[in-house]
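Those protein sequence lines, which keep their order, are chains A and B. All letters in the first sequence, in the order written, are residues 1 to 363 by the working numbering. All letters in the second sequence, in the order written, are residues 364 to 653 by the working numbering.
Errors might be hidden in some of the hints.
[Claimed, not checked] With beta-carbon atoms standing in for the labels, derived distance ranges: (1) A/Ser22 x B/Arg536: 39 to 45 angstroms; (2) B/Pro562 x A/Pro204: 38 to 44 angstroms; (3) B/Arg503 x A/Lys46: 34 to 40 angstroms; (4) A/Glu67 x B/Pro491: 31 to 37 angstroms; (5) A/Asn105 x B/Gly620: 41 to 47 angstroms; (6) B/Val568 x A/Thr86: 30 to 36 angstroms; (7) B/Gly620 x A/Thr263: 18 to 24 angstroms; (8) A/Asn47 x B/Arg503: 30 to 36 angstroms; (9) A/Arg347 x B/Gly492: 57 to 63 angstroms; (10) A/Arg137 x B/Glu578: 23 to 29 angstroms; (11) A/Thr86 x B/Gln616: 33 to 39 angstroms; (12) A/Gln312 x B/Arg503: 35 to 41 angstroms; (13) A/Tyr180 x B/Asp474: 51 to 57 angstroms.
Hints are computed from structural coordinates only; laboratory data are not their basis. Bear in mind that the values here come from a model prediction, so they are computed numbers and not experimental data. Cβ atoms here follow ideal geometry from the backbone N, Cα and C, with glycine treated the same way.
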Amino acid sequence: MSNTEQADRIAQAREREIIMYSKDGENYFIVDAHLHMWDASDENQKNVHGAQFIECFYDYHKNLSPEEYVWTLEKYKKYSEEQFMTDIFDNGYADHAIFNPAALNDFYVNGFSRPLAWDMAQRNPDRLTYNHNFDPRNGEVGLRQLEEDAAKYHLKGVKLYTAEWHGDSRGYKLSDPWAYSYLEKCQELGIKNIHVHKGPTIKPLDRDAFDVSDIDHCATDFPDLNFIVEHVGLPRLEDFCWIATQESNVYGGLAVAIPFIHTRPRYWAQIIGELLYWIGEDRILFSSDYALWQPKWLIEKFVDFQIPEDMQGEYKPITTDQKKKILGLNAVSLYPHIKVPEGLQLREPAMASSSSPGPIGSE
Amino acid sequence: MNDTAPQEQRNASIAVSDLRATTPSEERADQVAAALVTVIDPELDEPITDLGFVTEQRVDGRRVAVRLRLPTAFCSPSFAYLMVSDAQDALSAIDWVQDVTVTLEDHHDADRINRGVAAGLGFAGTYPGEAAGELDALRRTFRVKAHTAFIERVCTIMVREHHWTVEDLGSLRIADLPAGRPSDGLRRRRADLGLPSDPDDLVMVDEFGAAWTPEAIPLKLRFAKAVRISIDGNAHFCRGLLRTRYSAAAADQRPRGHESLGTDRGVPAVARHPVIRQDRVAAATRTVIR
């Protein structure tokens, strides 16, 4: 394809409202695999834990974001749809984004995640995918609800927060019998993608709250489901890597880990280096966890990122194709309803892990 | 900085206990500080005093009062409990001390943990119905991780600074380690697991003292590196969150001791060892590396 043809194609894509991130002659199709439309406003807080929860989130936001991207706590508690669309699509370069809502009904009157997210997804079906959630502690009633939700939301994925409080319980494990009933139901309903967020409190309390070993059991017993472990198992990165190395249906979401690219780029180099070594380039998913972090700077910095030279004896340099997979194409393989415009796929699967080629289609 | 110095200082100060009737208040304060240095955050493998978790140490006659804070309100109750109860135990062990109050603040379960530790209820007693037992197994899990990570740290030093090759590391012995932090640090972590540290003992051993087999060394060392990176990352989060949560906390934090080992890099050759991919391996055979 000539350069003119390629330019035309990109122009057409833009007309179809398919925006892509371009840098140094490379075009990236970007899927943000984990974001939120939350309401942690004072009016919605059920108790002191609702306040503590959002303050904890805010500290993560403030501690790891570049200064110019830090919001006030007030804005952070509840933001508008317009703000979201601007940050994710206009400024944030995403071609597609996936809501992974958290219920947190014990902390917030109407739950943490806003139903508005589903409205937004209906109004922007080409850009937004809505995942829902379930809580296995709801037993039979919850199973029926899951059936209804699957039909209502056309679910392709769910988000599970295993440390969610529920009455007297402060969390559950995915290897619990009831969790298995729900996973069987997911399999039956064609809900293939199970996003799992770990920690920090869980029952029984004397166990490690961040332990990821339950994923190991599920991944073996439900080979048709994909388990996307958010924040790549941190703070138990090594256990996550070890499990994911052996279970081909375990994926890692970069939320929470990737912001280190700003505050501690050498540490980030080690994390991404470990992930590429243990689980490989096909099972790592970009996610901003918005509004925890703004995708704009994460994407810009990741595209520009390279393993520091003095560390390249330990970790191979990251290739452009690897970045393309991580930033979007890997998520597309889990969510095949997301259509990648021609020209934004990798050229040949066989070339997938070769070092940086020229602009796509330039030969 | 010698990693075990605080422990030794503490022992030394206990040895002069016959002066206790007249222990000057300054010395008492030093003893309290030295006791707190022995309290380790199990996940981060460093003293709570270096992390900036201690906000007040007050000595009033034979009474000691200490206040602790953590990086988030939702830090795991289990680890919070361990740090509060370890502080209680370390302070109670000072011979002139008669009354200890450790107060955890700004935590979602602070009241319950403070009451449980003060009343000596144990973890299961503090969380009836929620905890299945005490925290010994959890503590050991993190001591094993700390030991594993430390093996990788000292191996990196030997390869980068003392011309050892990865192939030879299987014969690395305690006596080969440079004096100071690498040697003392490894000894402390071995002692935490009940392992001796005789000069002839091998460095590359599991938590039971069994030597890593030569074939397993490259992969085990590679895994140990991932453990080290995981612990370091957690420390970066916790230290950063504490500074964000409490704007003056930076002044209370000391540089992470592990960073004084000199490097954020691992052993180069090890990274080239091919990972063993075992898709769909039966669960029973899967824990071989740990």
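Here is how each hint holds up against the structure:
The beta-carbon spacing between A/Ser22 and B/Arg536, approximately 56 angstroms, falls outside the hinted interval of 39 to 45 angstroms. At about 42 angstroms, the beta-carbon gap between B/Pro562 and A/Pro204 stays in the expected band of 38 to 44 angstroms. For the pair B/Arg503 and A/Lys46, the beta carbons lie near 37 angstroms from each other, so the given range of 34 to 40 angstroms is met. Against the hinted window of 31 to 37 angstroms, the Cβ-Cβ separation of A/Glu67 and B/Pro491 comes to about 46 angstroms, which falls outside the hint.
Restraint check, A/Asn105 to B/Gly620: a C-beta distance of roughly 42 angstroms satisfies the suggested window 41 to 47 angstroms. Our hint of 30 to 36 angstroms for B/Val568 and A/Thr86 is violated, since their Cβ atoms are close to 56 angstroms apart. The given range of 18 to 24 angstroms is respected by B/Gly620 and A/Thr263, whose C-beta atoms sit roughly 20 angstroms from each other. Here the CB-CB span from A/Asn47 to B/Arg503 is close to 35 angstroms, well matched to the stated 30 to 36 angstroms.
In this structure the supplied range 57 to 63 angstroms holds for A/Arg347 paired with B/Gly492, their Cβ-Cβ distance being about 59 angstroms. One distance hint, 23 to 29 angstroms for the beta-carbon pair A/Arg137 and B/Glu578, is violated here, with the actual separation near 45 angstroms. Between A/Thr86 and B/Gln616 the beta carbon distance is about 37 angstroms. The supplied range of 33 to 39 angstroms therefore holds. Checked against the hint of 35 to 41 angstroms, the C-beta distance between A/Gln312 and B/Arg503 comes to roughly 37 angstroms, which is consistent with it.
The hinted window of 51 to 57 angstroms between A/Tyr180 and B/Asp474 is violated, with their beta carbons roughly 36 angstroms apart.
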